[in-house]
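S.K.: Sequence:
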Amino acid sequence: MFLVLDFYYIFNILKKNHLMSKQKFVGEYPINASRKMLFPYLSTASGLCEWFADDVNINNINKTLIFIVDGEERIARIDSVKKNRHVKFSFLEDGEVKKDHDYLEFRLEINELTQSVFIRIVEYTETDDLEESFQIWDNLLSQLKEIIGA
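In the working numbering, the protein residues as written are 42 to 191.
If you're looking for bench data, these hints aren't it; they were derived computationally from the structure.
It is possible that some hints are incorrect.
[Stated by the list, open to error] With beta-carbon atoms standing in for the labels, derived distance ranges: (1) ASN180 to GLY112: 28 to 34 Å; (2) LYS124 to GLU173: 15 to 21 Å; (3) LEU154 to ARG115: 34 to 40 Å; (4) ASN152 to GLU113: 33 to 39 Å.
The structure presented is a predicted model; accordingly, all values stated were derived computationally and were not measured.
Heads up, the beta-carbon is just placed ideally off N, CA and C, and yes, glycines get one too.
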């Protein structure tokens, strides 16, 4: 038990001091729905809590969103948004944007050949196993597709 606690202690120190490098995850998921229909699910608190997070709260004072996932809170601000096209959330630490890459971006794009819509997700993750990230996003996008009937 001491070794397990010691490992987690060291892991949290490395994480807190940004000594662990982040992996860039990019996933593209075709989805049978219009960008206009999908965008609120990617850009609003009510839409995101239907498929992405357990809850999403808005802090109107600091203009931030509080994502609650598996009991953990992550505070983010919207860095860029273009209606029905993309939204980018930057995660904050102590009220400031982290120096390392820590953002989540959703882009709604159209395949020129097929005219089908797909979601491009860009995320920086601390996991060493990008396959795990693909599985997580596969499950999340399956939930979204089920909700919208795609």
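S.K.: Does the beta carbon distance between ASN180 and GLY112 stay inside 28 to 34 Å, or does it fall outside?
M.R.: For GLY112 against ASN180, whose Cβ atoms are near 18 Å apart, the range 28 to 34 Å is violated.
S.K.: Between ASN152 and GLU113, does the C-beta distance stay in 33 to 39 Å?
M.R.: holds, 35 Å
S.K.: Holds or violated: 15 to 21 Å for the Cβ distance of LYS124 and GLU173?
M.R.: violated, 32 Å
S.K.: I want to verify a distance hint. Is the separation of the beta carbons of LEU154 and ARG115 within 34 to 40 Å?
M.R.: holds, 37 Å
Hints 1 and 2 from the earlier list are contradicted by this structure; the remaining hints agree with it.
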